[in-house]
Structures are given as C-alpha cells and as structure tokens.
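Participant: As a plain string of letters, each chain reads:
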Amino acid sequence: MSSSTETKPKLAAQIRDLTKHYVLKSETVRALRGVSFDVPEGDYVAIMGPSGSGKSTLLNLLGCLDRPTGGSFMLGGDDVAQMSDDDLSGIRASRIGFVFQSYNLIAQLSVVENIEVPLYYMGRLNRESRKKSTELAGMVGLGQRLGHRPTQLSGGQQQRVAIARSLVNDPYFILADEATGNLDSVTTEEILALFQRLNDEGRTIIMVTHEDEVAAHAKRIIRLKDGEVVVDEQIKDRKTYTAEEIEEISKNAHLANQADEEN
Amino acid sequence: MLSLRTWILGLKSLLLHPMRSALTILGIFIGVAGVIWLLAIGEGISQAAQKQIEDLGAENIIVRSIKPPDEAGASVRTVEMFGVSRAEMRTIESTIPTVEQVVPIRELPQKFIYAGNQNATPIDGRLVGCSPAYADVTKLKPARGRFISSRDMATNDSVCVIAAVLARKLFPSEDPLEKPVYLPEKKEYFKVIGVLEPRNATAAIGGSLAAQDFSLDIYIPITTMRAKMGDEEVKRASGSFSRSVFELTQITIEVESPEEVPRTAEVIEATLRMNDPQRQDIAVIVPYELLEQAKATRLMLMVAFGFVAAISLVVGGIGIMNIMLATVTERTREIGIRRALGGKRSDITNQFLVETISLSVVGGIIGVLLGVVFPFLVIGLRWLTYTFAADTYAKLPDIAKTLQPEIVPLSIPLAFSISVIIGVLFGLYPAIRAARMDPIEALRHE
Ligand SMILES: Nc1ncnc2c1ncn2[C@@H]1O[C@H](COP(=O)(O)OP(=O)(O)OP(=O)(O)O)[C@@H](O)[C@H]1O
Ligand SMILES: [Mg+2]
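Heads up: the sequence lines are chains A and B, in that order.
So the first sequence is residues 744 to 1006, counted in this note's numbering.
So the second sequence is residues 6 to 451, counted in this note's numbering.
Derived by calculation from the structure, the hints in this document are not laboratory data.
Hints may contain errors.
[Claimed, not checked] Okay, derived cross-link-like pairs now, DSSO-like style, lysine-lysine, Cα gap no bigger than 27 Å in a straight line:
#1 17(B) with 875(A)
#2 17(B) with 874(A)
#3 116(B) with 56(B)
#4 962(A) with 979(A)
With the rest of the complex left out, here is chain A (with noise of 0.2 Å):
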C-alpha cells in the first residue's frame, strides 16, 4: 500500500471487468457480471438501477468493504482486489469516506467524537485533527452541537454530521448510498445543495439513488440492469444549486439548529 495520500491522481477510481459472485449453497448468484468505468476526480456520479441490480455490491467493492470475483479496481495506484483484509482496512480508514443511508453514527460517541473515527483509525488523533473536526462540524452546520449525542440530533442533522466524518480523512471519494432515502424533501435539498458544493470545492461523490430528482443532481448517471452497466452517460440538464440558493439552505438550516439550541 503505498501512501500516495497527499498527490491525488487524476483518476479517483478505474474499475475493469469487475465481478462479484455470491456462492449460495444451490447456486450462484452473479451480483455483477463484468463492470468497467473510470471516475476522474472532481466527478459526481449517481449510480441507478432496479432493486437487485448490483448497485449496493458495487458500492461495496469501491469501499473497499468486500473484494471482487474478478477483474480489477485501482485505487491510486494501488489493485484492491488484491489486499489483505488489514490493508482494506487502511485504505477505508484513508481513502474513503462513506455516508449511509441510516446515518450510522456512534451512539456512546459525541458529534465531534464521531466526525474523528477514522482518524482514530489511521492513528493521526491529535490537537491538529480535533481542531479539523470541529471545523468540519461547522461546515456541516453543526458547530454549537459538537458534545451532543446522534440521539439528541434530528436525522438530518445526523446525515450532516456523518458527511463532515467522511470528509475528516480527505479521502478520494465519498460513497453515498441512499443518503437521502430516510429524508424528507427538504432536508433532502439541504444535503444535497452541501454534496454539490463540496463536489464544487473538487471533492469526487459517487451516489446510488432511487430518486431521478436525486440523480438529477449530479454530472453523470451509471444505470446498472442485472448487474451490467446499460448506461453510463453525462446529464445534460443537471439540476444545480446558485450559490444564493445554497446560502439560503444553509442559513436555514443553521437557523433551524439555533431555534433547537435554545428550546
């Protein structure tokens, strides 16, 4: 694993022939039959698809949570289909930040606690790293809540939270499935006006949605059939925040945070 954290390469991820069979004891089931594409950094993808088509195993083989059948998937300059399961765990502590749909959070662990996990994981905790969480926790709309619990935040304050801990290791792309999908359409908006300007600000996001409103969103769409890709093309009229527009969402919701503080 060579630690080519620091000089980001053009391409975030380049996937060849990627397979992912499941051996079940009568048979086998072909999640995905021979996947190829390359995301280049700064891209926003949004991968669709019905129920069943391989978009959350394919998600997992770019998080580095599972490993491929077979064919290849270069992350940095680096085959992951090739690592040991130490080693994917270096890399999803480094390289990778996912957000989930059910937000996923901590629950023993504060809101800052839970932005500094995977720096705990790569063993960079220290004064520097909480001062870059607490930051992050204010880019997220969230820095007067820094002590509180996932409990005591709403679930879109939960999802924010949960953003700013996938950002915490500047990773190479952020993996998002269903982020929106336990969220009402306005909390909606507000995640995803903050996905488009961290995609604005260069980060790379690769999201599986339901939702074409959702999809709308981003640069290019991926539509997955049976586990192959059957399209894969840019989005023409891509929906887009102003940045007044982002301002206002953000104000609101911030707005919206203070109302909470002092209730």
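Based on the hints, put chain B with the ligands in the right spot on chain A.
Facilitator: Here is chain B with the ligands on its own, set in the frame of chain A:
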C-alpha cells in the same frame, strides 16, 4: 492500538450499562475474594494445628501408658501392671545415644483444698509427679517461686508447684507461696514453692494422645509421689471399686535434634516392644512426624480449597463471556460502522478485550480488598455475636470461636492474576467473534 482512548471508550461502553457491568464484576470479585478467603481459612486451620503440635516439642518423643479396658468379671486380685515402667525408662535413657534426657511423668486425678480453709469444697484437679527436667522440656516458666529441684527429688520433699488457674481457685485472696495444699483422698500435705505462668491446652492428636488441659495441675517430685503413694491406685465411688497398678503415665524423651527424631522413635518403639510386639498398653507419639503430616495435610487443604475457589472464578469468567457475547450481538451495527470507517479486526478485538479486562480488573481489585479485610471481618462478626447474641455464640462450634484466618500473601497476586487471565480468556472468544464479522452483514444488522 491499546491507547488511552481505547480504554476510555471501553469504560464509556461499560458505563452505558452500569447494572449489567456491576453484576459481571460481582461474579469476578466473589471468585477472587473466595480464593483469598478459602486459602486464609485453610492456612488458619493448619497453622493452629501446627502450633499445637509444636507446643509438644518437635524434638520430643512421647510414650504414653494406656489403661487396658476392664475385662468383665476380672478378679480384683489379678490386677496386672500396665504402661511404661521405670526400668524401661532407664533402658531408653542409658542405651540410646541420641536421647538427651527423659522426663518421667505420673498423673493422678485428685481433689485439692487449701489447708488453711478446710471447709471449702475440694477442687478437682490433676496431681502430676515429675522430675525437674519437666519444666525445661515443656518450656514451663514459674511466674513466682521456683520449679521442683533435684534436691527436692533427692529428699522426697512434700513440695509442689501449682498451675496459674488452680492457684487463683485455691487461693482467691491469699498469696499461695509457702502455703500448704491438702489432698483429702491421700491425706497428704504439700507446700507450695512455685506458681506457673498460664499454659495453653493441647489438642487431641490422633487417637493416642487425648486433649490435655494443664490449668488445674499440681506438680510434685515424682520420687515423693512414689514414696507416699506407691504404684497402686484404688478408687471407690458409690458402690463401684477399681484398682490399677502403673509406674508411669508418660515419659517425654528429648532427642538431640529434630532430624534424629524418626530414627530414635523407631529404636524406642523396638525397645519397648522387644518382649511383646503386640502390647497395647503403650503408645509412642512423635510430634515431629505429626508436624510433617500436618504440613502435608495443609498442602492438600490448600489444593482442595483453591480448587473450589477456582471453580467460582471460572463461573465468574463464564458470566463475563455471557455478557460479552450479548454485548457483541447488541453492538453488531457499531462493529460494522467501525470496520467500514477503517477499524481493523485487531482494533475490534482490542476494543472488546479492553472491556472484559476492565471488568475483571475492577472485580479483581474489589475482590482483593474484600479478601484482605476478611480476618477483621471474622473478628468483627465474632465480637458482634458475642456481644449481642451470647446464647448463639455459646452454641457455636469451637472452630468458629477460635479460627483465625491467616491471609496467604501469595494468594493475593494469585487470585488477582487468575481473575485477569480469566477475563482475557473468556473475553477473547466474544471479541474474536466480533472481529470476524463481515462488515457488510454487520452494517445491515438492525
Ligand atoms: N451477501 C449476499 N449473498 C448472496 N446474495 C447477495 C448478497 N448480497 C447481495 N446479493 C444478491 O446480489 C444481487 C444484487 O444485490 P444488491 O444489494 O447489490 O442490489 P441493489 O441494486 O443494491 O438493490 P436495492 O436497490 O434493493 O438495494 C441481488 O440479487 C442480491 O440478492
Ligand atoms: Mg442496495
């Protein structure tokens, strides 16, 4: 990554379920305290036994005379002499080179009374004829006056030395020294020349040496006893009549060194049984060997008690394992999150191990504290029963009244480290199980 943070995190997780953690700790500290307590009780018992045997003298060999059971219909005229004889004593003294000195002892149950107060009720005690060496061999010290001297022996003087308790009973308000004691059964007077320091009773040892209480003894020169009372004892009590003839009740043989004791004892036994290997009227008691036996018994006691205590620790360990398995299942999701965010398998293992080690260390510390105060607890409890429930106290068995637990110093680090080892051992399986989970499955867990 067993950093401070890992420990803090572990403690936080434990504090999320204070009751559950407390109960788990309870299981461990009962086990640890149990090890220390049981070993302390075992040590207390065996030390008491060893002390009693040591009181008999490790370099002594004791030969007791045993009165044969009265044969039904035995004629009064054909009473035979029993027990060890003066001749045998002289043989032992003069022919066995490792023998330092021999003390002859002849004991008679007697009634005593202060001659200056003949109306008082006689006190039941024991008249002991002995030689001056008796004081030396049994490590007796006169509190006042002196012990019997060889001059007393030579002149068959009617002098006596009395035990502390008897002195107080016979002479409640007077100085016993130089006062006459009267033996109504023998119609004899003895002048008190010394009062002894209080002396502990000895326990019964095996079947051959009965428990002895020295508190009501009167010691006189054995020569005087022979001259005034002979070798025959006649007892008349409400219609029954018994005669017995014996020269000595006991001889105590002091050997040069404890190492010589076993061999000397064999020679003595052989000498005494030369003519009749089957003779039943003597018993040779070797405190040194008893001491060795007691030490072996102590070891067995320790092993047995330790084993019982160890079982309770294992039960505590199973408690830990049980709780940790439940915790791991309950926190499957958290495990998945931590793995997804870069936690290695070893990080997860460590995280759960830290929790079990914390539980067992805290349990171990409380257990050690509780174990160390145990002797005081026993004293306190005894005092409470004695003060507030005297009736119950009187009914307590002797052992409960006298046992003093002796903490075995080694048992503290032993119990503590066993508790930690058990924590690790029983925590390892749940921790490894947690680490082995597939992160994707774990993330899906509700
Ligand atoms: N652990 C597994 N064992 C066996 N089969 C699996 C496993 N995980 C996924 N599959 C199968 O692989 C295929 C793809 O599943 P995947 O979860 O990737 O679908 P998806 O596109 O994410 O669907 P959804 O939109 O419902 O989340 C499905 O047929 C599924 O049953
Ligand atoms: Mg899915």
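Participant: If a hint holds in the structure, say so; if it does not, say that too.
Facilitator: Hints and how they fare:
{"no.": "1", "hint": "17(B) with 875(A)", "verdict": "holds, 24 Å"}
{"no.": "2", "hint": "17(B) with 874(A)", "verdict": "holds, 23 Å"}
{"no.": "3", "hint": "116(B) with 56(B)", "verdict": "violated, 31 Å"}
{"no.": "4", "hint": "962(A) with 979(A)", "verdict": "holds, 8 Å"}
Checked against the numbered hints given earlier, this structure breaks only hint 3.
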